[in-house]
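2 protein chains.
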Amino acid sequence: MMSKLNGLVRIAPVQSSKKPHCAVGQSTIRRPTVCMTRDSDGLSATEEEIMHATHRALVNSGYAELSISLISDELDKAKSTIYHYYDSKDALLLRFLRFTVNRFEETINTSIGDHPKEDLNHIITTLLPCDLTEEKRQLHSILVTLSPQALEQEVFREQFTEIDARLSTIIEKTVRRGIDANVFRAADPAHVAEYILATIKGTMYSRLTTNREAATVAAKSSLSSYIDSHLIS
Amino acid sequence: MMSKLNGLVRIAPVQSSKKPHCAVGQSTIRRPTVCMTRDSDGLSATEEEIMHATHRALVNSGYAELSISLISDELDKAKSTIYHYYDSKDALLLRFLRFTVNRFEETINTSIGDHPKEDLNHIITTLLPCDLTEEKRQLHSILVTLSPQALEQEVFREQFTEIDARLSTIIEKTVRRGIDANVFRAADPAHVAEYILATIKGTMYSRLTTNREAATVAAKSSLSSYIDSHLIS
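Those protein sequence lines, which keep their order, are chains F and S.
Residues in the first sequence are numbered consecutively from 1, following full-length UniProt numbering.
Residues in the second sequence are numbered consecutively from 1, following full-length UniProt numbering.
Just so you know, these hints were derived from the structure itself, not from any lab.
Careful, some of the hints might be misleading.
Note that identical chains are pooled: a pair holds if it fits in a single copy or bridges any two copies.
[What the hints assert, rightly or not] No farther apart than 25 Å at their CA atoms in a straight line, the calculated lysine to any residue pairs in the SDA-like style are these: (1) Lys173 x Glu213; (2) Lys173 x Ala214; (3) Lys173 x Asn211; (4) Lys89 x Asn211; (5) Lys117 x Pro129; (6) Lys89 x Leu70; (7) Lys77 x Ser67; (8) Lys136 x Glu158; (9) Lys79 x Leu139; (10) Lys89 x Glu152; (11) Lys173 x Ser225; (12) Lys79 x Leu146; (13) Lys89 x Thr161; (14) Lys173 x Asn102.
Please model the entire structure based on the sequences and the hints provided.
Now the structure itself:
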């Protein structure tokens, strides 16, 4: 199970030599990622298998092709098994979103430590990797694809609300640790976190929906400047 | 025609007293908005009527209900008139997006002047108004709703690319004017523009797809701090 989980939310290595202009912050030294060894989702074994099958189907076939049939092929069980737990593809993807954020959160929590600046850069680079692998692109695409559902359906709004709140909390805690350690200047950690998250999300959406690759690099570069000049004491 | 155009992209007044924490920047003094008096879309009279009918249908009925039938009702012409110009609702909405951005751009270009800091705040407040009117919500919702199309269809990607490029250029020119006038510090105007645009877009998307209203206020407040401390000389 551990290797599967590791595969799902593997942290992209920082590209320090190939694309230095894309890296956030000056320090690109990373400690090795510690994998989480347990699952905190409270999912049954079958549900967890469905989550992993969804992940494999997504990476192998892409979002546009994703279907309950493809997922059941990856699961090697009948579609009725999936429908026993999830009424629709959207319901399954909604749960998969949460599952992915849980994995992401666990990985971040176990891989960040006592270096708030490096930890913050690590979080940003994880959410906005220099090289967007096909795996990450498919996962980010789910966010873009499910967003319109959140305009009309409260259950989707709640899921997006929870995802943003959790990402924001991770950033906020890191900023707060930095302030407490005098690595960062005094600032409102919650405000800074929302600001960084908004910039990351805007960059993530633009990266997927436009052909403006240079804009991604520029936005990340300015985010790095902001952290260096505004946050670093 | 002028009043229609004015109605389409009316600039929301800055909420200086009700929600001061939401306003961007310190200065909330605005010159009156100058309305554009001509159309630069190169649309035929009928196409322009279709655009205005789409706008009215959107504001009156909301995005979820929007249909070619509703638009043709507003147009007071047969649906075949619309299909003569646009193959599908998506094709029409894609054109409507460009039409709206054209109007926005013209209004901004005629209402901003020789005060780069106020002009920049004005652009941000126009894209991220404190009070999101139903009209603005519907227009922003089109962006969220059409985004998934851009993941797969190049024609949508190109439209989103153009919209972002034009918004970025407006911000960049304003920043450049500020630097030239020694109102802003020396900085890379293109980088700053992409950064501000990314933050605006992330905030705009989160505002529509989550229940985190305080996050919007926090992100705007931090954007204001960034401009004050990073950009203002």
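Consistency of the hints with the structure:
| no. | hint | verdict |
| --- | --- | --- |
| 1 | Lys173 x Glu213 | between (30 Å within a copy, 20 Å between copies) |
| 2 | Lys173 x Ala214 | between (30 Å within a copy, 18 Å between copies) |
| 3 | Lys173 x Asn211 | between (34 Å within a copy, 21 Å between copies) |
| 4 | Lys89 x Asn211 | between (29 Å within a copy, 23 Å between copies) |
| 5 | Lys117 x Pro129 | within (17 Å within a copy, 33 Å between copies) |
| 6 | Lys89 x Leu70 | within (11 Å within a copy, 30 Å between copies) |
| 7 | Lys77 x Ser67 | within (14 Å within a copy, 40 Å between copies) |
| 8 | Lys136 x Glu158 | both (23 Å within a copy, 22 Å between copies) |
| 9 | Lys79 x Leu139 | within (22 Å within a copy, 39 Å between copies) |
| 10 | Lys89 x Glu152 | both (17 Å within a copy, 19 Å between copies) |
| 11 | Lys173 x Ser225 | both (20 Å within a copy, 20 Å between copies) |
| 12 | Lys79 x Leu146 | within (22 Å within a copy, 30 Å between copies) |
| 13 | Lys89 x Thr161 | within (20 Å within a copy, 30 Å between copies) |
| 14 | Lys173 x Asn102 | within (17 Å within a copy, 42 Å between copies) |
Every hint from the earlier list agrees with this structure, and none is contradicted.
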